[in-house]
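A.B. asks: For reference, the chains in residue letters:
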Amino acid sequence: MLRLNVFLLAVLVVCGLSLVTSRHQARKLFVELERTQGEARAFETEYGQLQLEQSTWATPARVEKIARTSLGLELPPSSRVEMVPPGGAR
Amino acid sequence: MSAPRPPEGARPLGGKRREAPHRGDHTRRAPPPALPRFRAAIVFGALALAFGVLAARSLWLQGFAHAFLQEQGSARYSRELEVPAHRGRIVDRLGEPLAISTPVKSLWAFPAKLDASPPQRVKLAAVLETPASSLARKLDADEDFVFVARQLAPEVADRAMALGIAGLNEQHEYRRYYPAGETMSHILGFTGDRDVGQEGIELAQQEWLGGHPGSRRVIINRRGDVVEDVEAIRAPQAGRDLALAIDTRLQHIAFRELKAAVEANKAKAGGLVILDVRSGEILALANWPTFNPNARHGVARERMRNRALTDVFEPGSTLKPFTIAAALETGRVRPDSVIQTAPGTLTIGPATIHDAHVHGALTVEQVIQKSSNVGAAKIALSLPAETMWHTLSDAGFGAAPKTGFPGEVGGRLRPPKTWRPIEQATIAYGHGISVNLVQLARAYTVFATDGELKPATLLKTSGPVAGRPVLSPPTARAVRHMLELAVQPGGTAPKAQVPGYRVAGKTGTAHKLEGRAYTHKFVSSFVGLAPASAPQLVVAVMIDEPGAGQHYGGDVAAPVFSAVMGAALRMLAVPNDAAVDNVILPPPGSSVDEDT
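Chains P and U, in that order, are what the protein sequence lines are.
Under this note's numbering, the first residue of the first sequence carries the number 5, and numbering increases by one thereafter.
Under this note's numbering, the first residue of the second sequence carries the number 18, and numbering increases by one thereafter.
A portion of the hints provided could be inaccurate.
Think about it this way: if two alpha-carbon atoms lie no more than 20 Å apart in a straight line, the pair counts; the simulated DMTMM-like pairs of lysine to aspartate or glutamate are [claimed, not checked]:
no., chain 1, residue 1, chain 2, residue 2
1, U, LYS285, U, GLU469
2, P, LYS32, U, GLU280
3, P, LYS32, U, GLU403
4, U, LYS285, U, GLU319
5, U, LYS276, P, GLU68
6, P, LYS69, U, GLU280
7, U, LYS419, U, GLU469
8, U, LYS276, U, GLU562
9, U, LYS477, U, ASP258
10, U, LYS283, U, GLU562
11, U, LYS276, U, ASP572
12, P, LYS32, P, GLU48
13, U, LYS434, U, GLU403
14, P, LYS32, U, ASP157
15, U, LYS140, U, GLU99
16, P, LYS32, U, ASP572
17, U, LYS529, U, GLU562
18, U, LYS140, U, GLU160
Listed next, the stretches of chain U that the computed footprint assigns to chain P, with coverage defined by at least 3 CB atoms under 8 Å from CB atoms of chain P [said to hold, decoys possible]:
no., region
19, 243–256
20, 284–293
21, 357–364
Derived by calculation from the structure, the hints in this document are not laboratory data.
Backbone N, C-alpha and C define an ideal beta-carbon position, used for all residues, glycine too.
Work out the full structure, taking the sequences as your base and the hints as a guide.
C.D. replies: Okay, structure coming up:
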């Protein structure tokens, strides 16, 4: 009887300790998960901001202004346009 | 109460009885003093009472104050956190972002509880980039609650919070940005403080775009870190992205040309719509005046109106093709039937209709080409009112175009039973009827297709959409041919021609109605389609009150049409259906002007 009790006590102690460890592990992993999810949100935010920035740089009005002023591009008048029919035949 | 005393020397926990030192047991022994019985009773009673009080207290705590205590207990370790869900983006048909929500922070305080030292205030003003005086006005305001700064970039707010000012708090918010700025503000509308749609598409599509924040219960530790998820109370639902039919590039072209035209003509306002003929999608919709949705503080409501959808005007001659189409459908006239328009006036009862120029005998084709009011009125009067009404109604007049835009109007088309002959005659050339610009552009899809009216939509569709047949194909083609004549020399709008493409269209110059009388202010318009051999786009231009000397649609609106249509067709790489030197302008002074 005494031996059984000692044995059960040992089992109990082992179980208790393993519960503590797994609980601790779970908490640690959870904190990690939280942190990673937070990071994911931050990246999403940054992605939105970058998209915003990109489309602000690429607004047609800005592109056109740069093309016209600093690059000196312009639309050719129709007198300077020669049409090539499909197939390239002259 | 009077337990026998243990023998002297006995150890209460002693394992082995040791030999106690002898100090003469018998000499110390005395009989226990006789205590009065009532003393024991008093002690017992006192203890029993104390126990009773404890029991009652615990019963009270367990039974009645349970809920309160449970709440207080969990408040020490459990928290309900909001899980944010951001609003969906709005993108154009190519996926270019038009509206994006991004997190920002607002700083707030209870002025009574705020405790900022003078150096802290100076630093705060520097971080917020505001003058110290205006900051002081907020911090010392006689209010319960103030926003110290709204919708700051998160980094700026973090720097302000890092100053460690007691009583300064931050609040997370979303702010919506519109990269296209003023070019597209009327369509998109904007959102309010809580990122909820207030105008335009943002309002109309609130259900689709809006996210629903979730919430979850968690356990936190002493430092406030979340250590465990207890339950998800509500799953967050992020807003969905929305693709519009708008093409940012065409929108830019439309806006640029419209703005230039309104400014050059010193006009009060203007609108421009580009429609895709096959799908009915609105590829561009520009309005002037406009506003910047990213900085709309103090902008008059007047500038925020999407005039192309929410305002109506009398269309003038742009309506004549529908009159002619109704007549062709009955078979009473043919494109080459001759109508006598001399002497350029037509008197119906007390009223007289005028042409700007006396044209004499014109064919039905020439009535459109020269835009003769008398000719259109004579043709209209040969028709039953119901027939004309049916054609106009089937072309979408008198009913809202159902684009899904909030506040769109349908214009006015009175029932035919109430038409008097003079009204039937004026409706023939677009007076006594009102339309909005999108409606007018959409109606022209019946000439751009072989007689089908396409549904106009602001949202992207996947491919061609079947329309509703309104006219027979031969009629639609015949009218399209007449519209092509109108933009050629001898027509009213040679300035609408586009190099490299055949175009077709109709001018409109309508006197504005103010109160009950027509004034000497005008609405100049042009609606046209191209390429005429296989139409792909309809462009409608409206210039309100041009004030720089010219007011004819052929002079004011047609050049805008030409610039926009040409650039749009090139942008969309539509194959040419004419040589690039196809534009033939009449010699100066020989142009044909119309009067409505």
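A.B. asks: Tell me if the straight-line CA distance from LYS419 of chain U to GLU469 of chain U falls inside 20 Å.
C.D. replies: Holds: LYS419 of chain U and GLU469 of chain U sit about 17 Å apart, inside 20 Å.
A.B. asks: Examine the region 243–256 of chain U for residues whose CB is less than 8 Å from any CB of chain P, and state whether their number is three or more.
C.D. replies: Holds, because 4 residues of the region 243–256 of chain U bring their Cβ atoms closer than 8 Å to Cβ atoms of chain P.
A.B. asks: Can the restraint linking LYS32 of chain P and GLU48 of chain P be considered satisfied, given a maximum Cα separation of 20 Å?
C.D. replies: violated (24 Å)
A.B. asks: Hint check: LYS285 of chain U vs GLU319 of chain U, CA-CA at most 20 Å. Holds or violated?
C.D. replies: At roughly 12 Å apart (the allowed maximum being 20 Å), GLU319 of chain U and LYS285 of chain U satisfy the hint.
A.B. asks: LYS434 of chain U and GLU403 of chain U were given as a pair; does the straight-line alpha-carbon distance stay at or below 20 Å?
C.D. replies: Answer holds: LYS434 of chain U to GLU403 of chain U is near 8 Å, not above 20 Å.
A.B. asks: CA of LYS477 of chain U to CA of ASP258 of chain U, is that 20 Å or under?
C.D. replies: Since the Cα atoms of LYS477 of chain U and ASP258 of chain U sit roughly 12 Å apart, the hinted pair holds (cutoff 20 Å).
A.B. asks: Tell me if chain P covers the region 357–364 of chain U under the three-residue, 8 Å CB rule, please?
C.D. replies: It is violated, with 0 qualifying residues against the three required.
A.B. asks: LYS140 of chain U and GLU160 of chain U were given as a pair; does the straight-line alpha-carbon distance stay at or below 20 Å?
C.D. replies: Violated: LYS140 of chain U and GLU160 of chain U sit about 23 Å apart, past 20 Å.
A.B. asks: Holds or violated: are the alpha carbons of LYS276 of chain U and GLU562 of chain U at most 20 Å from each other?
C.D. replies: holds (14 Å)
A.B. asks: Within a Cα-Cα threshold of 20 Å, do LYS32 of chain P and GLU280 of chain U meet the stated pairing?
C.D. replies: violated (66 Å)
A.B. asks: Would you check the hint for LYS32 of chain P and ASP572 of chain U, treating anything up to 20 Å between C-alpha atoms as holding?
C.D. replies: Between LYS32 of chain P and ASP572 of chain U the Cα gap is close to 75 Å, so the pair fails against 20 Å, i.e. violated.
A.B. asks: Taken at face value, is the distance from the CA of ASP157 of chain U to the CA of LYS32 of chain P at most 20 Å?
C.D. replies: Outside the cut-off at roughly 46 Å; violated.
Checked against the numbered hints given earlier, this structure breaks hints 1, 2, 3, 12, 14, 15, 16, 18, 20, 21; the rest are met.
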